[in-house]
Amino acid sequence: MKAVSVNAVSKSFKQEKSAIEALKEISFDVNRGELFGLIGPDGAGKTTLFRILTTLMLADKGSAEVDGFDVVSQFKEIRKRIGYMPGRFSLYQDLTVEENLAFFATLFNTSIEENYELVKDIYVQIEKFKTRKAGALSGGMKQKLALSCALIHKPSVLFLDEPTTGVDTVSRKEFWELLRNLQKQNITILVSTPYMDEASLCDRVALIQEGKILDIDSPAGITHKFGKPLWAVRSRDMYNVMIQLRQMDEVASCYPFGQEHHLVFKNEDARAIVGARLKEAGHTDVSFARIEAGIEDCFMDLMKAEKV
Amino acid sequence: MKAIAVQNLTKRFGSFTAVDDISFEVDKGEIFGFLGANGAGKTTAMRMLCGLSFPTSGHAQVAGFDLSRESEKIKQSIGYMSQKFSLYEDLTIRENVRFFGGIYGLSNAEIKSQAEVLARNLQLEDKVDTLVKSLPLGWKQKLSFSVAMIHRPQIVFLDEPTGGVDPITRRDFWTMIYDAAHQGTTVFVTTHYMDEAEYCNRVSIMVDGRIDALGSPDELKKEYSSKDMEGVFLQLARKAKRGD
Numbered sequence: 268m269k270a271v272s273v274n275a276v277s278k279s280f281k282q283e284k285s286a287i288e289a290l291k292e293i294s295f296d297v298n299r300g301e302l303f304g305l306i307g308p309d310g311a312g313k314t315t316l317f318r319i320l321t322t323l324m325l326a327d328k329g330s331a332e333v334d335g336f337d338v339v340s341q342f343k344e345i346r347k348r349i350g351y352m353p354g355r356f357s358l359y360q361d362l363t364v365e366e367n368l369a370f371f372a373t374l375f376n377t378s379i380e381e382n383y384e385l386v387k388d389i390y391v392q393i394e395k396f397k398t399r400k401a402g403a404l405s406g407g408m409k410q411k412l413a414l415s416c417a418l419i420h421k422p423s424v425l426f427l428d429e430p431t432t433g434v435d436t437v438s439r440k441e442f443w444e445l446l447r448n449l450q451k452q453n454i455t456i457l458v459s460t461p462y463m464d465e466a467s468l469c470d471r472v473a474l475i476q477e478g479k480i481l482d483i484d485s486p487a488g489i490t491h492k493f494g495k496p497l498w499a500v501r502s503r504d505m506y507n508v509m510i511q512l513r514q515m516d517e518v519a520s521c522y523p524f525g526q527e528h529h530l531v532f533k534n535e536d537a538r539a540i541v542g543a544r545l546k547e548a549g550h551t552d553v554s555f556a557r558i559e560a561g562i563e564d565c566f567m568d569l570m571k572a573e574k575v
Numbered sequence: 059m060k061a062i063a064v065q066n067l068t069k070r071f072g073s074f075t076a077v078d079d080i081s082f083e084v085d086k087g088e089i090f091g092f093l094g095a096n097g098a099g100k101t102t103a104m105r106m107l108c109g110l111s112f113p114t115s116g117h118a119q120v121a122g123f124d125l126s127r128e129s130e131k132i133k134q135s136i137g138y139m140s141q142k143f144s145l146y147e148d149l150t151i152r153e154n155v156r157f158f159g160g161i162y163g164l165s166n167a168e169i170k171s172q173a174e175v176l177a178r179n180l181q182l183e184d185k186v187d188t189l190v191k192s193l194p195l196g197w198k199q200k201l202s203f204s205v206a207m208i209h210r211p212q213i214v215f216l217d218e219p220t221g222g223v224d225p226i227t228r229r230d231f232w233t234m235i236y237d238a239a240h241q242g243t244t245v246f247v248t249t250h251y252m253d254e255a256e257y258c259n260r261v262s263i264m265v266d267g268r269i270d271a272l273g274s275p276d277e278l279k280k281e282y283s284s285k286d287m288e289g290v291f292l293q294l295a296r297k298a299k300r301g302d
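As you go down the protein sequences, you meet chains A and B in turn.
In terms of this note's numbering, the first sequence opens at residue 268 and continues consecutively.
In terms of this note's numbering, the second sequence opens at residue 59 and continues consecutively.
Hints should not be assumed to be uniformly reliable.
[Stated by the list, open to error] Okay, derived cross-link-like pairs now, DSSO-like style, lysine-lysine, Cα gap no bigger than 27 Å in a straight line:
no.: 1; chain 1: A; residue 1: K440; chain 2: B; residue 2: K133
no.: 2; chain 1: B; residue 1: K198; chain 2: A; residue 2: K291
no.: 3; chain 1: A; residue 1: K409; chain 2: A; residue 2: K397
no.: 4; chain 1: B; residue 1: K185; chain 2: A; residue 2: K284
no.: 5; chain 1: B; residue 1: K133; chain 2: B; residue 2: K198
no.: 6; chain 1: A; residue 1: K281; chain 2: B; residue 2: K142
[Stated by the list, open to error] Some, not all, of what chain A presents toward chain B, calculated at C-beta under 7 Å:
no.: 7; residue: D309
no.: 8; residue: D435
no.: 9; residue: V437
no.: 10; residue: Y506
no.: 11; residue: A519
no.: 12; residue: P523
no.: 13; residue: G525
no.: 14; residue: Q526
[Unchecked claim] Sample of chain B residues at the chain A side, in silico, Cβ under 7 Å:
no.: 15; residue: N96
no.: 16; residue: G122
no.: 17; residue: L195
no.: 18; residue: G222
no.: 19; residue: V223
no.: 20; residue: D224
no.: 21; residue: P225
no.: 22; residue: I226
no.: 23; residue: Y236
no.: 24; residue: D253
no.: 25; residue: E256
no.: 26; residue: R260
no.: 27; residue: G289
no.: 28; residue: F291
no.: 29; residue: A295
Keep in mind that the hints were calculated from the coordinates and are not lab data.
Don't be surprised by glycine CBs; every beta carbon is placed ideally from N, CA and C.
With these hints in hand, go ahead and build the complete structure from the sequences.
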């Protein structure tokens with residue numbers, strides 16, 4: 268049995284004149300004990316999908332199961348065994364840290380003591396503030412409290428909706444280490460993120476854009492499918508080099524990636540011509556190096572393929 | 059004259075020093091990346107530079123105006139794009155331009171021509187009379203930036219402009235930033251994407267209210283013996299003593 272199974276789920280939201288298709292016949296499975304990432308920008312449909320799976324919203328079409336239970340007919344069973352951390356902080360701001368955790372434990376007929384082992388690693392980091400009101404916590408601490416509250420009843424499937432959005436790289440790295448540790452305790456984790464670099468930390472990922480899944484695979488499986496030679500271009504004058512490269516017929520795509528540009532040629536033989544033309548234009552220090560594609564390269568490639 | 063000149067700027071909230079004696083300068087037409095971990099003091103510093111919060115001590119000139127005496131003049135000379143989308147969703151593109159143009163004191167003729175330029179640059183000519191809420195997310199972000207630039211400010215402050223944006227739009231957005239800088243606008247930008255730090259002319263990194271590092275990405279990478287800006291950032295941010 269799969270931890271999560273989604274079959275052709277669609278959902279639209281009506282507006283005054285038109286309807287927005289938030290999810291377009293989405294299907295995928297999450298294996299037991301898997302750390303599964305839903306990777307995509309704002310508006311891709313990640314939150315809508317999470318709401319359907321956590322039984323807070325009904326799909327228009329399709330079906331889904333969580334932990335073997337149907338999200339419509341058996342929603343009460345599902346609610347007992349999942350943990351959900353929504354994208355927006357939704358604990359009680361006027362209760363203290365400890366009161367919030369005790370409250371969520373009580374809702375599920377358990378106590379902090381009973382499942383302390385499970386939240387220990389996370390909760391110790393905020394325990395010294397346990398008498399502070401949740402509303403007075405910093406962003407990073409709120410996030411840790413929310414995760415503790417989502418875990419305190421020992422859920423079998425944990426849903427985390429953009430837990431790292433707006434969080435700096437240091438805290439993001441720490442958060443993913445926490446998730447890895449949780450996974451060892453046999454919890455299936457479904458996590459969404461707009462940060463492409465977090466994909467590599469998941470067992471498998473679904474790349475999602477405008478309500479459609481672009482691809483589902485292991486991170487290595489996805490990058491392996493890129494299928495075209497990718498070049499990293501460096502120069503002193505990165506901006507003008509990019510503008511010129513983008514104007515050349517021989518160039519299929521050229522995107523800035525931090526300190527280099529990632530370039531795909533329409534035809535590999537064109538590299539010498541392109542290099543010579545840049546030199547002619549006064550860019551004498553341009554270097555080309557073959558590199559492996561990353562998730563972000565693949566995401567952009569798949570986005571463009573969708574649009575054609 | 060520098061676009062921004064900051065001397066010993068400090069902001070305390072009770073016993074907590076959010077911004078601790080920072081000094082730096084930003085050149086005209088520069089893309090200046092203002093980095094730091096959550097809670098390092100970036101937002102507090104940025105709010106002071108925009109004239110929205112008074113410093114406890116220290117001085118700053120923004121666009122040539124003194125922060126403590128001429129904050130209203132500063133507000134007229136800068137553009138600001140907040141992290142949260144802040145155009146009016148239930149107005150059309152044209153109405154938003156008219157509204158924000160009016161607030162910044164543009165004449166009717168200027169508003170009309172700016173609306174046309176904006177629509178042409180964004181290739182939204184056929185969308186000027188649609189409600190902003192029906193635009194795709196990527197376009198909203200680009201539109202916000204263009205509206206923040208509507209009164210041709212000397213300096214534009216961008217607070218995490220690319221959070222949650224798809225990877226292609228994120229790159230289009232930076233192309234717009236480059237274009238603005240090439241036309242002489244000073245860009246002051248915060249981001250959590252370390253690849254974007256590489257696009258800045260210079261970068262400062264705040265730790266516990268102080269600016270602990272400042273320089274071009276190449277200088278900083280050399281100084282901290284790191285192959286990329288993420289490595290530089292991690293080394294500095296891990297020194298932080300105060301929790302975020």
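How the hints compare with the structure:
no.: 1; hint: A:K440 <-> B:K133; in the structure: 37 Å, violated
no.: 2; hint: B:K198 <-> A:K291; in the structure: 22 Å, holds
no.: 3; hint: A:K409 <-> A:K397; in the structure: 12 Å, holds
no.: 4; hint: B:K185 <-> A:K284; in the structure: 15 Å, holds
no.: 5; hint: B:K133 <-> B:K198; in the structure: 23 Å, holds
no.: 6; hint: A:K281 <-> B:K142; in the structure: 24 Å, holds
no.: 7; hint: D309; in the structure: 4 Å, holds
no.: 8; hint: D435; in the structure: 4 Å, holds
no.: 9; hint: V437; in the structure: 4 Å, holds
no.: 10; hint: Y506; in the structure: 5 Å, holds
no.: 11; hint: A519; in the structure: 14 Å, violated
no.: 12; hint: P523; in the structure: 6 Å, holds
no.: 13; hint: G525; in the structure: 3 Å, holds
no.: 14; hint: Q526; in the structure: 4 Å, holds
no.: 15; hint: N96; in the structure: 5 Å, holds
no.: 16; hint: G122; in the structure: 27 Å, violated
no.: 17; hint: L195; in the structure: 4 Å, holds
no.: 18; hint: G222; in the structure: 4 Å, holds
no.: 19; hint: V223; in the structure: 6 Å, holds
no.: 20; hint: D224; in the structure: 4 Å, holds
no.: 21; hint: P225; in the structure: 5 Å, holds
no.: 22; hint: I226; in the structure: 5 Å, holds
no.: 23; hint: Y236; in the structure: 5 Å, holds
no.: 24; hint: D253; in the structure: 3 Å, holds
no.: 25; hint: E256; in the structure: 4 Å, holds
no.: 26; hint: R260; in the structure: 14 Å, violated
no.: 27; hint: G289; in the structure: 10 Å, violated
no.: 28; hint: F291; in the structure: 6 Å, holds
no.: 29; hint: A295; in the structure: 4 Å, holds
Hint compliance for this structure: hints 1, 11, 16, 26 and 27 are broken, all remaining hints hold.
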